[in-house]
Amino acid sequence: MQKANKTSLQYVGKPIARVDALDKICGRARYVDDLTMPGMLYGYTIRSTRQRAKIISIQFPALPADVVGVTAKDIPGKNYVALFNTDQPLLAEQVVNYIGEPIALLAGPDMEILKELANQVQIEYQEIPSIDNLEESLVGNKPPIFGQDNVFKSYAYIKGNPAQAFATSPTVISGTYRTGYQEHAYLETQGMLAFPYQSGVKIIGSMQCPFYIQKGIAPPLNLPPEMIVVEQAVTGGAFGGKEDFPSLLAGHVALLALKTGKPVKMIYDRHEDILCTTKRHPSRTIHRIAFDQQKRLTALAVDIVLDGGAHSTLSQVVLARSALSAPGVYRWANINLQARAVATNQVPTGAFRGFGAPQAFFAIEQQMNHAAYRLGIDPYQLRKINLLREGDATATGQVLKESVGVEKALDAVVNKTDFVQKYWNYRQQNSQTGKRKGIGLAAFFHGCGFTGKGEELIKATATVDYLPSVGLVIRIANVEMGQGMATVLRQVGAEALCIPLERTHILGPNTAEVPNSGPTVASRTTMIVGGLIYQCCLDLKQQIGMAAEAANFAGVAAQKLNPDEHISATRHYRVPPDVVWDEERFVGDAYPVYSWGAVVVEVEVELLTYEVTVTKLTAAHEIGKAINPILVEGQIEGGSLQGLGYASLENLVSHQGQLQQVTLTDYLIPTILDTPEIEPIILEEPYSLGPYGAKGVGEIPFVGIAPAYVGAVENALGTEFFEIPLTPEKIYRQLHTHTEDRS
Amino acid sequence: MWYEKIPFYAPSNLSEALALCQELPDSALLAGGTDLLVQLRDPNDKVKALINIAGLPELQTIERLGNTVRLGAGVTFSRFLQQGADFFPPLTEAVRQLASPSIRNKATFGGNIVNASPAADTLPPLYAADAVVILQSIHGKRRVGLADFILGPKRSALQTGEILIQIEWHVPENYIYYYRKIGTRRALALSKVSFCGLYLPEDKTIRLAYGAVGPTVMRALAAEARFSKGDKESLLAEVTEMVQPINDQRSTADYRRFLCRQLTSEFLTRIS
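In order, the protein sequences belong to chains A and B. The opening residue of the first sequence carries number 3 in this note's numbering; numbering runs sequentially from there. The opening residue of the second sequence carries number 63 in this note's numbering; numbering runs sequentially from there.
These aren't lab readings, by the way, just hints derived from the structure by calculation. Glycine included, C-beta positions come from ideal geometry on N, C-alpha and C. Incorrect hints may appear among the rest.
What the hints assert, rightly or not - Cross-link-like lysine-lysine pairs, in silico, BS3-like; alpha carbons within 27 Å at most:
no. : chain 1 : residue 1 : chain 2 : residue 2
1   : A       : Lys297    : A       : Lys386
2   : A       : Lys117    : B       : Lys67
3   : A       : Lys56     : A       : Lys26
4   : A       : Lys618    : A       : Lys461
5   : A       : Lys439    : A       : Lys144
6   : A       : Lys117    : B       : Lys294
7   : A       : Lys418    : A       : Lys437
8   : A       : Lys437    : B       : Lys294
9   : B       : Lys67     : B       : Lys108
10  : A       : Lys439    : A       : Lys424
11  : B       : Lys108    : A       : Lys117
12  : B       : Lys110    : B       : Lys168
Said to hold, decoys possible - Restraint ranges, calculated between C-beta atoms of paired labels, are given here:
no. : chain 1 : residue 1 : chain 2 : residue 2 : range
13  : B       : Pro163    : A       : Leu509    : 18 to 26 Å
14  : B       : Leu127    : A       : Ala23     : 48 to 56 Å
15  : B       : Glu303    : A       : Glu608    : 57 to 65 Å
16  : A       : Val655    : B       : Arg103    : 43 to 51 Å
17  : B       : Leu127    : A       : Lys26     : 14 to 22 Å
18  : A       : Gln122    : B       : Arg103    : 16 to 24 Å
Work the whole structure out from these sequences, hints included.
What follows is the structure, given as structure tokens:
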């Protein structure tokens, strides 16, 4: 890819306002709940009230003529939602495996009547001993939910000779780390509308991945995928929560639409959405690291377990990212790694910004914070000694050839905050009243694009058309969900052709009209799809006989083409030939490239109540190139705050399969009053294959917040912590049940 | 929408409202609606009619005469912060931390009291002030001490046909106070614990009121009585014995008990 001359860029690198902002601010944007159709019915879901049970019988009450009820028996095809496996039924048939699992559906013209009828549906159950949590799942003394051993997926590898390295290293740091559920709390709850269309069905709704829905519900509907047309409505936030779950909901509305022959809309209220849509995987990580005399890391032993809930959904790929993130940003000669995702009788967990990496980085970065304390060195220096640098190989042997900005990021946040000085000053605090200050640090990466062979399997395709009368039309399956995709990719197109931004367009995602450029996930859209669009634009230039660098595309096109004559270019993503991943041995290039980050969190802890106030958050992210810096800052601020919520207050626990915080009164996320000053620092080490050097930024701002936060509380209180969310209740419990105080 | 199916009455004055209240025993009074409209979504709710008392002129009193404060039950929190913020600072602090600006614009003192939540934000300062509520029906008025009026979670001594019309209390002379609300976040959070301590230097007594650690807001009368003995530790032990916190979706019993002790201790330190 051509290296663009920085000074000549007109659109890329400019803080252009979001192209979708005005419609959203003015209330003109039409979300799925705003859509109605003649004769449209509402749909309602009847859910399991049991954690694990056999379904003996399902008895509907007498239904009015305009109400239709369906169960698994009404599914025309195979009863599963297709993803990696086939274990998730569209509707539970013989057994239920979590509270909230869908069993039956109703459609009718009046929602209130549907709810009353739903209350009268009689379901007879026979209880089966349920598996409550990941520990119980591993014990294996109850009938397995998945396979023979409850393990959805496991990865394991040994590198070097870890046993010998641990035996001969003078310092070994151990810990068991736990992380909790997290709810996405997107502003717009899940919703979907379906109606009979041509000889199949059309689905419109809130989603990240139109083609996942098409593929996912073709087996149960018994339709060829192309007869299922999926279109994205304006989507009010997703964060991963609308990656796989919408396939289940789309299957429900499609089933009702085909059964009734009418449009059917289903919108979850907040309670239903929290109760039964996916969450971030809870985790337990048993971790050991060893150091030599020079404080160099010598060995890593890590055992990660993720709670995948009742069905496998995306757990295997979430787990792969956990396993690949587990070694952190450090060099290792000896590793013993095991990672498992296990089944429990809980709501299925799935994709959530960071996708398995936050759990892994919490463990490794807390280990580094604890190691620094015990080795009597500051956490910055300890990281510097061990950091990956350009030319080094990752844990899986991937040689980092370019765009390795972690040291830059680390230096930036440390210098900006005077980290080292404050760290040692705060260590001297011994007041027993009032407030203590603390400062914490974390360094991390996020692999851009799909893990391993993912991009190779998806073979993302993008098409662009150019008509002199219209301008550039970009055809992709990626969605705008509030992150700024529509603005950023138009900036890439406008820049590549040197045409005004207003002369660029993105066709709304509709599986009948756009090629499959892959899902809008994995921090891949700007880098992978933006890269394809850039290449397509160069192809257009070539088609009208222009050099790649030449500027006057519109002028030349106007001469060579009639106003309504169009030219077109299509590109398929090809994994660079030097990127090789061996899934079986877990060796090689796990991602085409990585974004890198470091964050410093500063806190005050009130000793009277153990309430923690974050006073400042400084985050540096090296992302290759910020196509739109103000949107990148928005990602950094939003991801950081979401990370603080995860680390400190978003408490979501299940008791006997029943989530305890199922309203936004009880499941609390930070408000603006809980938001500290956040200082974003954007760093750019261009990636040669990214559009204008760009890598990904959607997820990395979240990834390292938790260990920096907990590290800051530790620095203030002189105590080690191992679990998030680190609430005042947990600080109290730890300080008042453990007498040893390390300060 | 669901609420359009509930008959809605809009009396123009208090006597009309009282008459309706008597006539419609299964009705609910609608003032700010910030709790009621959430509760009505429960399909098991039996409310058959809504009587709108928001803005009724007889419920808008907001005055301090000498040491006596009178607040109409229909006074919203926003209006109180504009017009009564200097009446009784511990209450003002509680109201400032209550919910969010939009809720404070609608929600009323009367509603916060009759909703009878153990975590109601206005209650600890009003319990500490020994506030009295004035109830009216077509048969007349009666005065009840606030602590006697509230019987348990969501339960009060309000009788069919009665409307809570006013809250009244005496502001002590030269008092010192300490108020804290501990919530999960800084706005829009229900209390894990709330505490109001008053020190009355004239008679050298204290009053201690705790929210969210029992079925109602609690006054620690036995602990208050120990104040004159000067034994801080036994007073604090009395408090931690008295409170009845639970583990729930918001916090844990042991942390809440710890907070009661800590906040009381801080109050005692500040007045010593």
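Query raised in the report: Regarding the pair Lys117 of chain A and Lys294 of chain B, is the alpha-carbon distance no greater than 27 Å?
Result: 56 Å, violated
Query raised in the report: For the pair supplied as a hint, Lys117 of chain A and Lys67 of chain B, is the alpha-carbon distance within the 27 Å limit?
Result: Distance ~15 Å between Lys117 of chain A and Lys67 of chain B Cα, so the pair holds.
Report task. May I ask you to test the hint 48 to 56 Å on the CB atoms belonging to Leu127 of chain B and Ala23 of chain A? Result -> 53 Å, holds
Requested in this report: Sort out whether Lys117 of chain A lies within 27 Å of Lys108 of chain B, counting only the CA atoms.
Outcome: 16 Å, holds
**Report entry** 43 to 51 Å as the expected CB spacing between Arg103 of chain B and Val655 of chain A, which holds or is violated
**Finding:** Since the Cβ atoms of Val655 of chain A and Arg103 of chain B sit about 24 Å apart, the hinted range of 43 to 51 Å is violated.
Query - Restraint check for Lys418 of chain A with Lys437 of chain A, where alpha carbons must lie at most 27 Å apart - result: The hint holds at about 23 Å.
Requested in this report: Assess, step by step, whether the Cα of Lys67 of chain B is no farther than 27 Å from the Cα of Lys108 of chain B, and give holds or violated.
Outcome: 13 Å, holds
Query - Hint check for Lys26 of chain A and Leu127 of chain B - Cβ pair distance inside 14 to 22 Å - result: 51 Å, violated
Requested in this report: Note whether the CB distance of Gln122 of chain A and Arg103 of chain B lies within 16 to 24 Å or breaks it.
Outcome: This hint holds: roughly 19 Å between Cβ atoms.
Requested in this report: With respect to the beta-carbon atoms only, verify the hint that Glu303 of chain B and Glu608 of chain A lie 57 to 65 Å apart.
Outcome: Given range 57 to 65 Å: violated, Cβ gap about 25 Å.
Query raised in the report: Is Lys618 of chain A close enough to Lys461 of chain A, meaning Cα to Cα at most 27 Å?
Result: 42 Å, violated
Query raised in the report: Are the Cα atoms of Lys56 of chain A and Lys26 of chain A separated by 27 Å or less?
Result: 46 Å, violated
In terms of the numbered hints stated before, the structure departs from hints 3, 4, 5, 6, 13, 15, 16, 17, listed from lowest to highest.
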